[in-house]
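Chains as they are written, first to last, in the working numbering: chain H, 23 to 423; chain G, 23 to 423.
Honestly, the hints are just simulated from the structure, not real lab data. Check the hints yourself; a few may be wrong.
Identical copies carry no separate label here, and so any pair may be met within one copy or between two of them.
[Stated by the list, open to error] SDA-like cross-link-like pairs, simulated, lysine to any residue; straight-line CA separation at most 25 Å:
hint: 1; residue 1: LYS239; residue 2: ARG290
hint: 2; residue 1: LYS163; residue 2: LYS240
hint: 3; residue 1: LYS191; residue 2: ASN30
hint: 4; residue 1: LYS227; residue 2: LEU43
hint: 5; residue 1: LYS191; residue 2: ILE52
hint: 6; residue 1: LYS82; residue 2: LEU115
hint: 7; residue 1: LYS234; residue 2: GLN165
hint: 8; residue 1: LYS240; residue 2: SER50
hint: 9; residue 1: LYS231; residue 2: MET131
hint: 10; residue 1: LYS191; residue 2: ASN350
hint: 11; residue 1: LYS109; residue 2: MET131
hint: 12; residue 1: LYS239; residue 2: ILE47
hint: 13; residue 1: LYS234; residue 2: ASP104
hint: 14; residue 1: LYS231; residue 2: ILE52
hint: 15; residue 1: LYS231; residue 2: THR78
hint: 16; residue 1: LYS163; residue 2: ALA236
hint: 17; residue 1: LYS107; residue 2: VAL198
hint: 18; residue 1: LYS163; residue 2: ARG290
2 protein chains.
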Amino acid sequence: MLDNILSNIAFQMSILLCVALAGYILASRINQSAVIGEIILGIIIGPSLLGLITYTDFVKGLAELGAIIILFVVGLEFKVQDVFKPKYFFIALIGVIVPFIGGFLISEMFNFGFASSLFVGTALTATSIAITANVMREMGKLQTDAAKAIIGAAVIDDVLSLLVLSFSKQMVAGSVSFGVIGLVILKAVLFIGIGLIVGNYFISKWIWKFDKTALSKKYPELIFIIAMMIAFLYALTAELIGLSAIVGAFLAGVSLEGITIRQGKSYREGAEYLGIIFGAIFFVSLGVLVDLKVITWNIMLFVLILTAVAIITKLIGCYIPARISGMNNKDSVVVGFGMSPRGEVAMIIALMGLNLGYFKQDIYVSLVLMALLTTIITPIIIRNWLYNKGPNPKEFEFKHI
Amino acid sequence: MLDNILSNIAFQMSILLCVALAGYILASRINQSAVIGEIILGIIIGPSLLGLITYTDFVKGLAELGAIIILFVVGLEFKVQDVFKPKYFFIALIGVIVPFIGGFLISEMFNFGFASSLFVGTALTATSIAITANVMREMGKLQTDAAKAIIGAAVIDDVLSLLVLSFSKQMVAGSVSFGVIGLVILKAVLFIGIGLIVGNYFISKWIWKFDKTALSKKYPELIFIIAMMIAFLYALTAELIGLSAIVGAFLAGVSLEGITIRQGKSYREGAEYLGIIFGAIFFVSLGVLVDLKVITWNIMLFVLILTAVAIITKLIGCYIPARISGMNNKDSVVVGFGMSPRGEVAMIIALMGLNLGYFKQDIYVSLVLMALLTTIITPIIIRNWLYNKGPNPKEFEFKHI
């Protein structure tokens, strides 16, 4: 009976949304981003503490939907020329090399072996844009130079991480083939290039025309279905190529930015509403993923050092090129910290290393915790330290709960 | 690799939305309800024909979400006093008794045995409101007397079906306990009564007040999260009591009808956007469920007769009390046909009978197909025959696809 309830769809949705609500309230009380409240409460209801919810395939699926929808919504706020600039490529490149070296060295210091060290380095390369983008959105800072640099560099960063992953796998196997690496680069560049051209010229023109048809007048909801379908198709294509699905969803959003819809429903509004529900579920589920039970003192030490290395290497690796390309000091620091959350990308790489047998549960858990800690610490630093949105008792009244 | 793609979330979403889109186009071409187009294309991509998608747990979960959200949206358009009227109870009662007897007799004629016959009768009792409500919505007829009668009677009908199910199970076990049946009645009546009072007086007042807080001003999306949480909590409670989740979601919608939201986002709009995506998935998935491979000539004969009996008994069982309670002839016919779709409720009862060992795959498949056929036939009859929305070449232009 209890098992029945726990696996019940309505129960899982109720509890996830209830926890999201509590997360907002907690975040408001401690004056942090809602994301932090949701992750913390996710940990509390997860398997290691209350055990009210487990990371079932259904929750996993909803969280994936959430990540895809969030990046699609974020993409809808950017023009192509805002995101793809040479200086962002420069920031992304150095911001991948420094953490890779840092992660590799720290793992070698702990004597985890060559293959493990390569994977630890790889896991430190990829930035998770969902967190920072959402925090900047909450603060209304999404259209600042720093935010654009973070998002542009994070997208390019994801492509570079993919290349590092391919390189690491070949290193472990013993022979590096530049042909294979070249192919990976080619596929990624082609996908982004073709995806943007097709999206910006063909799909968005087609949607603009479709909006004027009688079919769209008869079924105004169709345009929203089409837009979401395109988001998921781009996400799928990105995954097939080996990029993460969210990069595809972001590209779809960028492609569909700026189309004026007259007859049909606003897909931007619709995607935002979807993002509210599934975004909340995504952030709660990040907390549910954390099983605190497996942590020993040794692992804790490694996790703390690894997290510090992860943040410092990304900070240095992005701050320096940002400064060199002419950004001011504060913006460069924001970019450095903003690129720090590793989130789900590092978790995916960790899972891959575990499945390939390169390391055991201990390093896997360490990487997951590092990803989570960078994810929790970054919004706190950006909000409270960099943008001075510290506690202010008068800012907030809260009477009716 | 292929398995990987088929179980990929982005792939499943893309294909479901793509099929929904094609379903709209097909429906428009043959001038039918979008629901029909979606179900037919669902059958085509399902396991028996193209095999592009299977009814995975994830698809099942999304479909359940869809059914809950649709009924919540429908509920948001009704006041309590619109739905719960004595004459709707009368329509529901006779509309349950006649199909039960009809189903029982036809199954006895085919010599399927007493237990099977009781379950076939039971499966014919419950109306699926999702289909008819959606068709009436599409046609802009949701605020007519007939639509109100259908929805009111269908909700009560669901409660009565639950009682019939309890009764049938006890009959098969050999001893009918009126105490147990009384308890089932009591729980259902209490849930509906308390749910409506709590929803209409306490929750809706609380939401109205919450909308004015600074928290709601800071996070306008919170009110939408709360509304959806309430929908799923009501759905969960209904399931725990033994009613179907969608009845709970409908009650939640009725409870939250008519609240004016100023600071927060409109949860009605948000729920409608969710309903567009997940409703489409729900209707496609009904088609995916159908495995045409298992059909033999014998089963086909039984299915056809059973479907005819299902429609005729519901038509008679609802038409007569509707006429007696003073509705005009046309409205009474619309109510009779509108109550005919059995949809997911009959499928759930069929699955229960199969799992309890009362009958084998043949009767199970027959019940599922009957549920589907009534679901496909009803919108066609209502649209084309009763409301005369027949083919009209000039009504629709379609140039840009």
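- Query: Which earlier hints can't be squared with this structure?
  - Reply: Numbers 5, 6, 7, 9, 10, 11, 13, 15, 17, in rising order.
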